[in-house]
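Enquirer: Spelled out from the first residue to the last, the chains are:
2 protein chains.
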Amino acid sequence: MAVLGALSVEPMSGYALREAIRDVLGHFWSESFGQIYPALANLEEQGFVARQPGPRAGSSMFTLTPSGRARLHALLSQPIRTAPPRNGLLLRLFFGRVLGAAACRKLVASAREEAAERLAAYAKIRATTTAEGGVDPYIGVTLSFGEHIARAVLAWADETLATLSRLPDEPDA
Amino acid sequence: MAVLGALSVEPMSGYALREAIRDVLGHFWSESFGQIYPALANLEEQGFVARQPGPRAGSSMFTLTPSGRARLHALLSQPIRTAPPRNGLLLRLFFGRVLGAAACRKLVASAREEAAERLAAYAKIRATTTAEGGVDPYIGVTLSFGEHIARAVLAWADETLATLSRLPDEPDA
DNA sequence: CGTGGCATGTAATGGGTTACATGATTAC
DNA sequence: GTAATCATGTAACCCATTACATGCCACG
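Line by line, the protein sequences are chains A and B.
Quick note: the first sequence uses UniProt numbering, first residue 1, plus one each step.
Quick note: the second sequence uses UniProt numbering, first residue 1, plus one each step.
Careful, some of the hints might be misleading.
[What the hints assert, rightly or not] Here are a few chain B residues that face chain A, going by a calculated C-beta distance under 7 Å:
(1) Gly5
(2) Ser30
(3) Phe33
(4) Ile80
(5) Asn87
(6) Leu93
(7) Phe95
(8) Gly96
(9) Arg97
(10) Tyr122
(11) Val141
(12) Phe145
(13) Thr163
[Claimed, not checked] Far from chain B, by Cβ distances over 12 Å, these chain A residues were calculated:
(14) Tyr15
(15) Ala16
(16) Glu19
(17) Ser30
(18) Pro38
(19) Ala39
(20) Ala41
(21) Glu44
(22) Pro53
(23) Ser59
(24) Arg92
(25) Ala123
(26) Lys124
(27) Ala127
(28) Ala131
Keep in mind the hints are simulated off the structure, nothing from the lab.
Glycine is no exception: its CB is placed at the ideal position from the N, C-alpha and C atoms.
Given these sequences and hints, build the entire structure.
Expert: So, in structure tokens, the structure goes:
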């Protein structure tokens, strides 16, 4: 889905693809690079992408075919498979009595910092894209999602830091 | 970590363990049940948990040993390994031009509904635990995290539904 | 002429999920 | 007595990550 989607924006090489997935989709999606070339070969075999010789020897440009676009539409229409939750921060905080309040505060503080960094990164993206004459509304809503979540984490972290400051630093024996 | 943590609260059988992980930790952590018994055997071998005969033939009660508690503390202190992001909703919305605004609105509406359900579930937990004389503050902060995130999703969804309503329903050809 | 970035792949490994297989006990 | 629940485990399979292996080209 990610590969076809990226190629729906513009044709590119496998190398450019992995950079696009890392840099553009990276905030909410990732592909292991070991999967990209096999996926590309697979999609080519099924006629969803076409391979043209690229500017350099041995390099290729991949283009989305009409049937590839149809396939992308079908994939996007499939139900979302939500992965089982695995939130390491919450697991640690849940057993915070064993870990101790001081260590928990460190965890929360670093989560707060991370959210602040994400927020700054989003602001940067907004700044560059609005300078270029407005964002695609669909990209805008994904950005907005990240902003809402990051602000929520910020608020929660502040609240939680206050709560934890009233607890004994040392873990239970 | 989840197994030792659960046993730090009270000794229980493997069966109870898997139910505790599903029902109590389920909102932010999951373990595949095929892993629990091997993990238990492994932890027993290393002396982190002790197995006592349970009330029923062939059943066992697992108890956290002092070294197991130390091990749990060490595990909780390890850096959080964040999984690479995989948000199927945002991936679909990012390529929303291909999917069409009408389909995107459905996705957002169902995400909104899910967040509302989570919020209701958290409220229920709060109600039952406060009736039982107040929550462990550490459990409280994990609950609060879920509430903040769910409210953020709710707000984002409303905003996004409004944005998408101003876009053409049909996908790009 | 060599370093760094572009470019394409393969292979081993590991972790986890699913499904399977079995049996005891309790409640109806 | 039989269905549901409690209870313990094993094995196959799938997927993905990581590391590896190779070569071209531009720039200094």
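Enquirer: Please verify that hint: arginine 97 of chain B, Cβ, nearest Cβ of chain A, below 7 Å or not.
Expert: holds, 6 Å
Enquirer: Once the closest CB in chain B is found, is it more than 12 Å from alanine 16 of chain A?
Expert: holds, 17 Å
Enquirer: Taking the minimum C-beta separation from alanine 123 of chain A to chain B, is that value above 12 Å?
Expert: holds, 17 Å
Enquirer: Taking the least C-beta to C-beta distance, is glycine 96 of chain B closer than 7 Å to chain A?
Expert: Where the cut-off is 7 Å and the nearest Cβ of chain A is about 4 Å from glycine 96 of chain B, the hint holds.
Enquirer: So, as I understand it, the hint says glycine 5 of chain B touches chain A; can you test that by seeing if any CB pair is closer than 7 Å?
Expert: holds, 4 Å
Enquirer: Identify whether the interface hint at phenylalanine 95 of chain B stands, where standing means a beta carbon of chain A within less than 7 Å of its own.
Expert: holds, 4 Å
Enquirer: Would the stated hint for phenylalanine 33 of chain B survive a check requiring a Cβ distance to chain A of less than 7 Å?
Expert: violated, 11 Å
Enquirer: Evaluate the condition: distance from the CB of alanine 39 of chain A to the nearest CB of chain B exceeds 12 Å.
Expert: holds, 15 Å
Enquirer: Does proline 38 of chain A clear chain B by more than 12 Å, comparing its Cβ with all Cβ atoms of that chain?
Expert: It holds; proline 38 of chain A is separated from chain B by about 18 Å at its closest Cβ, greater than 12 Å.
Enquirer: Could you check that no beta carbon of chain B comes within 12 Å of the beta carbon of proline 53 of chain A?
Expert: holds, 27 Å
Enquirer: Holds or violated: threonine 163 of chain B as interface residue toward chain A, Cβ cutoff 7 Å?
Expert: holds, 6 Å
Enquirer: With d taken as the least Cβ-Cβ distance between alanine 131 of chain A and chain B, does d exceed 12 Å?
Expert: holds, 21 Å
Checked against the numbered hints given earlier, this structure breaks hints 3, 10, 17 and 24; the rest are met.
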